[in-house]
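Numbering (my numbering), first residue to last: 418 to 782.
Hint data in this document are derived by calculation from the structure and do not stem from the laboratory. Predicted model, so just to flag it, every value in this text is computed and none were measured. Glycine included, each C-beta is placed from N, C-alpha and C at the ideal position. Misleading hints may appear alongside valid ones.
Said to hold, decoys possible - For each label pair, taking beta carbons as the anchor points, the in silico distance ranges come out as:
id	residue 1	residue 2	range
1	R696	G520	17 to 25 Å
2	D561	E466	17 to 25 Å
3	D561	Q718	25 to 33 Å
4	D561	V677	23 to 31 Å
5	D651	R481	15 to 23 Å
6	V447	G545	30 to 38 Å
7	R713	V649	25 to 33 Å
8	E518	V447	33 to 41 Å
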Amino acid sequence: MDSMLLDGRYLVQAKIASGGTSTVYRGLDVRLDRPVALKVMDSRYAGDEQFLTRFQLEARTVARLKNSGLVAVYDQGLDARHPFLVMELVEGGTLRELLAERGPMPPHAVVAVLRPVLGGLAAAHRAGLVHRDVKPENVLISDDGEVKIADFGLVRAVAVAGITSASVILGTAAYLSPEQVRDGRAGPRSDVYSAGILTYELLTGQTPFSGDSALSIAYQRLDRDVPPPSSVIDGVPSQFDEFVACATARDPAERYADAVEMGAALESITEELALPDFRVPAPRNSAQHRSAVLYRSRIAQQPRPPVRHPTRELTREPGAGPRRYRRPARMPNRKDTNSSRCQGNSPASRWTNSSGRDSMPAEWC
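My request is simple: use the sequences and hints to build the entire structure.
Next comes the structure, spelled out in structure tokens:
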């Protein structure tokens, strides 16, 4: 779809990633000259009225939400057989890519990730919306250190949650709540459970349940509790064990009521442990970065129009004799001033706080 113009306005520039029902591209709103992310549905779903209804609901509901922890939705449309969603382009990468690069996080980094994620979910919960698919792949980290939750592809107003059959399990198996596995129901407490699993993974580098299939992984949570993170990684504060236990209680009534309450609990832990502020780094080798490099290389390979220099007739003073055109001075090549940045490969250099000081104990490396 590269170079395709959707709806006469959105130019597809380069592919970023593909999912089960859609592909995300970096693009350009040619009307506003604004970079965007284009989520284009697979054409095989264009005739599925139920799927289209859900897709359109996604755009309408999320576009109404305003929160720095949410990826903004700008527009939606249908071009030929390709329904598409226009979103904010986050230049950076995913939390999944960051975990793959750096492994488990220390508590202060976990807080820096969870705070905006829970803030975004809280805005949705206040509006009566449920994400249903909280996982590292749907958490984006910008090059400026901003963290946002994305892909409300399964978001649904609670009042119309019955649009999908209860027999259909939505989301990813490792992060599903017990009630989603049991009968497909989902509410704010389901997002809380998924955020609890996410917290466990940030602290330990792994999800709590494993199995031979997605189904076996999903069903384990019906009769097994999530173990404390400190049983996997030494040094995890007991407050985080309690935080994860409350978020992932099998009975929804025993969990935090919503992301608002869960966020308040996180702030209490942060204050109690006096955790420092932290700027979350974007992954270095992300699909988004590779997409940007690919697009820029294509632009660089395109032939450039010839440079038209001013003629003598246009550059001489009235009544003056002809003047010679002076070639502009050649600009010196600039060395990459960032080439020496982020070169530290030692364990201590993996996680540093905003002041640049090492803030990661050796056991976290």
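**Item:** 33 to 41 Å as the expected CB spacing between V447 and E518, which holds or is violated
**Value:** holds (35 Å)
**Request:** Kindly confirm whether 15 to 23 Å is satisfied by the beta carbon distance between D651 and R481.
**Result:** Violated - the Cβ-Cβ distance for D651 and R481, about 45 Å, lies outside 15 to 23 Å.
**Request:** Return holds or violated for the Cβ distance of D561 and E466 against the range 17 to 25 Å.
**Result:** violated (40 Å)
**Item:** D561 paired with Q718, Cβ distance criterion 25 to 33 Å
**Value:** holds (29 Å)
**Asked** Between R713 and V649, does the C-beta distance stay in 25 to 33 Å?
**Response** Distance hint for R713, V649 is violated at roughly 41 Å.
**Prompt:** Is 30 to 38 Å a correct range for the gap between the Cβ atoms of V447 and G545?
**Reply:** Given a distance of about 35 Å, which is inside 30 to 38 Å, the answer is holds.
**Request:** Given the range 17 to 25 Å, decide if the beta-carbon distance of R696 to G520 lies inside it.
**Result:** The hinted range 17 to 25 Å holds for R696 and G520, with Cβ atoms some 18 Å apart.
**Request:** Take the C-beta atom of D561 and the C-beta atom of V677, compute their distance, and say whether it sits inside 23 to 31 Å.
**Result:** 26 Å Cβ-Cβ, so the 23 to 31 Å window holds.
The structure does not agree with the numbered hints 2, 5 and 7 stated previously, though it agrees with the rest.
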